[in-house]
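Colleague: Chain by chain, the residues run as shown.
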Amino acid sequence: MHLCEPIAGLRSPGKGANRTILDCLFRTVLAGRSDLSAAAGIAGAGSLSRVTFHGVTGAVPPAADEKGLGIVTTASSADHPTRRDFLFVATGAAAAVGGVATLWPFISQMNPDASTIAAGAPIEVDLTPIAQGQDIKVFWRGKPIYIMNRTKKQVDEARAVPVASLPDPATDQSRVKEGHDQWLVVIGICTHLGCIPIAHEGNYDGFFCPCHGSQYDSSGRIRQGPAPANLAVPPYQFVSDSKIQIG
Amino acid sequence: MSGPSDFQPTNPVLKWIERRLPILGLVHSSFVAYPTPRNLNYWWTFGAILSIMLALQIVTGVILAMHYTPEATMAFKSVESIVRDVNYGWLLRNMHASGASMFFLAVYIHMFRGLYYGSYKEPREILWILGVIIYLLMMATGFMGYVLPWGQMSFWGATVITNLFSAIPYFGESIVTLLWGGYSIGNPTLNRFFSLHYLLPFVIAGVVLLHVWALHVAGQNNPAGVEPKTEKDTVPFTPYATIKDAFGVSCFMLFFAWFIFYMPNYLGDADNYIPANPGVTPAHIVPEWYYLPFYAILRSIPNKLAGVTAMFSAILVLVFLPWLDTAKTRSSRYRPLAKQFFWIFVVVCVLLGYLGAQPPEGIYVIAGRVLTFCYFAYFLILLPLLSRVETPRPLPNSIADDVLAKTGGKSAPMVSTVIMLAVAGTLVAGSVQNARAEEQEAPPSQKWSFSGPLGKFDRGSLQRGLKVYKEVCSACHSLDYIAFRNLADPGGPGYSEAQAAAFASDYKIKDGPNDQGEMFDRPGRSADYFPAAFPNEQAARAANGGALPPDLSLIAKARSYERGFPRFVFDFFTQFQEQGPNYVSAILLGFEEKPPAGVTIPEGSYYNKYFPGHSMKMPKPLSDGQVTFDDGSPATVAQYAHDVATFLMWTAEPHMEARKRLGLQVFVFLILFTGLMYFTKKKVWADAH
Ligand code: FES
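Chains A and G supply the protein sequences, listed in that same order. Per the numbering used here, residue 1 is the first one in the first sequence, and the count goes up by one each step. Per the numbering used here, residue 248 is the first one in the second sequence, and the count goes up by one each step.
Just to be clear, a hint being listed does not mean it is correct.
[As the list claims (entries may be wrong)] With the Cβ distance kept under 8 Å, some of the chain G side facing chain A (calculated, not the full set):
hint: 1; residue: Leu338
hint: 2; residue: Arg732
hint: 3; residue: Ala774
hint: 4; residue: Val915
hint: 5; residue: Phe916
hint: 6; residue: Leu923
hint: 7; residue: Lys930
[What the hints assert, rightly or not] Dumping the calculated SDA-like pairs for lysine to any residue here, alpha-carbon to alpha-carbon at most 20 Å:
hint: 8; chain 1: G; residue 1: Lys324; chain 2: A; residue 2: Pro112
hint: 9; chain 1: G; residue 1: Lys841; chain 2: G; residue 2: Pro859
hint: 10; chain 1: A; residue 1: Lys137; chain 2: G; residue 2: Thr528
hint: 11; chain 1: A; residue 1: Lys143; chain 2: G; residue 2: Pro859
hint: 12; chain 1: G; residue 1: Lys907; chain 2: A; residue 2: Gln109
hint: 13; chain 1: G; residue 1: Lys755; chain 2: A; residue 2: Ile187
hint: 14; chain 1: G; residue 1: Lys867; chain 2: G; residue 2: Pro842
hint: 15; chain 1: G; residue 1: Lys929; chain 2: A; residue 2: Ala95
hint: 16; chain 1: G; residue 1: Lys703; chain 2: G; residue 2: Ala905
hint: 17; chain 1: G; residue 1: Lys757; chain 2: A; residue 2: Asp126
hint: 18; chain 1: G; residue 1: Lys907; chain 2: A; residue 2: Pro105
hint: 19; chain 1: G; residue 1: Lys907; chain 2: A; residue 2: Ala90
hint: 20; chain 1: G; residue 1: Lys755; chain 2: A; residue 2: Gln109
hint: 21; chain 1: G; residue 1: Lys324; chain 2: G; residue 2: Val915
hint: 22; chain 1: A; residue 1: Lys137; chain 2: G; residue 2: Gly699
hint: 23; chain 1: G; residue 1: Lys929; chain 2: A; residue 2: Gln245
Worth flagging that the hints you see were computed from the coordinates, not collected in a lab. Positions of the beta carbon are idealized from the N, C-alpha and C atoms, including for glycine.
Produce the entire structure from the sequences given, and follow the hints as far as they go.
Modeller: Here's what the structure looks like:
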């Protein structure tokens, strides 16, 4: 313990209490550290015995001067469990915590900003201009939403199919609102890879995706092609018989 | 970067890689085993600080570019939406904007350190010249970055700086047109500046690599200025220099964080919160503080071409420094005369910076000329002369000797120089505000609930201010950057989302076109912005006697006044940032029925004690009893003024509370961390002594 410290004395005699606390704390992390030093292949018998010595006396063992000017790197000082290790661990941990906390704003900024979120508020759509057998496309949160006023034939077709035979089983009733059975409201984004299917095309009186040939029926359910799932139904409700609110 | 390494990894995977690409060996030899003089002081940590700052500027810059729109009509707005809407956008923007200042501060310290310790002398000439190139690139980058927010100072700064090139004989005009991509500064200019501002930092990073390479070939200079001779003179880079640099960086971060979280606008100019207007030049065009000394040199020479030449020469002269100062002794520590003249030179530079911010008239011009002469005389006359006449003091035999001799503890000069530089820095920074000097009475300082590090908005005051705005101000003034949804934002007036939506629905918003192609009115929604009082600028002017009522969203940041010396120095420590609200409230209270005797104001104008020039086109807008408050607050003009000013401070910076709250957390962490770093550094260095 004859380290010359020209700058200031951290190990001034008055700091005995401090040392004990630090040492106690250190011993709690010691268990985790000893196998680390073994793994590093530097925990020779000498250092092990020093651990014992250290544990008995609670004193700070000589750490550096025995190595002369050869340098103890911070990483490998695990073979000298002292309060300097605790200091290094604490500093490293603080740096890690600080670094991770600093990262967060840099990642979080990529999320939608407040104006984008506000612009995604619910919208109202008037259904009166949509005649039977017609559909309109509106945009909500940048997504095309198909609103289709289905003919009786389309509804009947959709309900006639045995649900169990569908790739993504769902009843037509579960995809429309009770009492408004002719209205199909779906997000017009193909569940395969995001193209926009064309309405009133394909073999099922529903939608046909030109990208890779997926076909949806008049309930927006996948019937044929590579798409894995039915067209999604956005959250919406009828605010009156001729008006819906999407979102 | 210093020759082949003896680094031998034991791990087979690393071995495999190392045989094919010896990158680990490169890192090891450059940043681990690399011998660094053991007597380096903290001035040497600025190299590491600069590297970190460059990295930070690049990272924050890349992020800002994700949200910024380089288009003349949208640039200003996009910067505002970054600080208002993007998650932590205010933080990233403050980091980038103050970061530029910190970068320059660090580079100036780094350069002065090189100057003092003779780090440019043989064999480090190329290292030094690469540094000058980096500095030039930084100036170009900083300038172009300052243009991007497209405020008044951006626009007019760009005008003035690009016009420097018109001084070039014969080709000047064509070069300027080429730079602009038009007949004046405009959208093409903004676009190319954005592109170059994105590019140049990577060029800087490249030159920095060369700089570090050259450094590692020549080896670091050191305070003694003698080359390391034996092993005893050096310590390995890791952990010694690494930990010392890390400690230096964490101290610097504390300083940096003060600006980011508490004084984000201290180094900026209020005029840059006014959108660029090609028809109106601000009263005083002042560049950012880091260009001020050169700006002073430019202005002190009464000939356009000569002024521009002098300005560029002031930087280029640095390139020739290794051959101007031929003294054999490197460190000024052992050069009694050079040392004194060095400090005089530092003072000359600081004073030039101060003058750069002053109006170019009277004594300032003369002082500018004298100091410009001193600046060049230092390099061209003094240093060559000193190398011939000065007798240096004896050098220590080796670095180890130097360390031993110093263990007596002589850190006092270091501390005093730090203090001196801090004072000098605030002087320059504050002089930017001096530039707006008028012999006018300054608005009285009021008590604001949101001032200081723990400041919070008074919700009641914000709500009352909103009411006054709605019932009075909004008849003429728009509030373009505030949406109704903001009224429910945390740190705002404290309304619920439903209340904000109800507030919005009272407004008629123009929307459309509908299916018939017609515009129509609909009730406002939360996402809508406060509608403007007038459909366009012409209508606004026509209704207001030719004057345009300014948009109020940013008014509390776009208006300021001189604080004067030495108050602006204290402002830095007391975090005084409330010039804007003081001014707004003073204007509202400053109307007088009759101008004082001897003062006449034009027809259709009104006398205001605090308005620059006193003649205002706005009549006294508020009178007692005009707005009634539900909470029983007095219906007086003084109360209105206070509440409106509070409200407008919030509209100017809706995230102020978040800024101060996060600032406190960051400071607690940084202080603890810096303390830990300090003890870690001491532990590590204990081995070396
Ligand atoms: S995206 Fe529709 S089928 Fe591939």
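Colleague: Take the C-alpha atoms of lysine 907 (chain G) and alanine 90 (chain A), compute the straight-line distance between them, and say whether it is at most 20 Å.
Modeller: Answer violated: lysine 907 (chain G) to alanine 90 (chain A) is near 27 Å, above 20 Å.
Colleague: Taking the least C-beta to C-beta distance, is leucine 923 (chain G) closer than 8 Å to chain A?
Modeller: OK, holds: leucine 923 (chain G) within 8 Å of chain A, min 4 Å.
Colleague: Would you mind confirming whether the straight-line C-alpha gap from lysine 907 (chain G) to proline 105 (chain A) stays at or under 20 Å?
Modeller: holds, 16 Å
Colleague: Below or equal to 20 Å on CA atoms is what counts here, so check lysine 757 (chain G) against aspartate 126 (chain A).
Modeller: holds, 19 Å
Colleague: Lysine 907 (chain G) and glutamine 109 (chain A) were given as a pair; does the straight-line alpha-carbon distance stay at or below 20 Å?
Modeller: holds, 19 Å
Colleague: Is the hinted pair lysine 143 (chain A) and proline 859 (chain G) satisfied, with a Cα-Cα distance of at most 20 Å?
Modeller: violated, 52 Å
Colleague: Do the numbers back the hint for valine 915 (chain G), that is, is its least Cβ distance to chain A under 8 Å?
Modeller: violated, 11 Å
Colleague: Does the CB of alanine 774 (chain G) sit less than 8 Å away from some CB of chain A?
Modeller: holds, 4 Å
Colleague: Would you mind confirming whether the straight-line C-alpha gap from lysine 324 (chain G) to valine 915 (chain G) stays at or under 20 Å?
Modeller: Not satisfied, since the Cα-Cα distance of roughly 34 Å exceeds 20 Å.
Colleague: Taken at face value, is the distance from the CA of glycine 699 (chain G) to the CA of lysine 137 (chain A) at most 20 Å?
Modeller: violated, 53 Å
Colleague: Holds or violated: lysine 929 (chain G) and alanine 95 (chain A), Cα atoms, limit 20 Å.
Modeller: holds, 17 Å
Colleague: With the threshold set at 20 Å, check whether the alpha-carbon distance from lysine 841 (chain G) to proline 859 (chain G) stays at or below it.
Modeller: holds, 17 Å
In the structure shown, a violation is registered for the earlier hints numbered 4, 10, 11, 13, 19, 20, 21, 22, 23, in ascending order.
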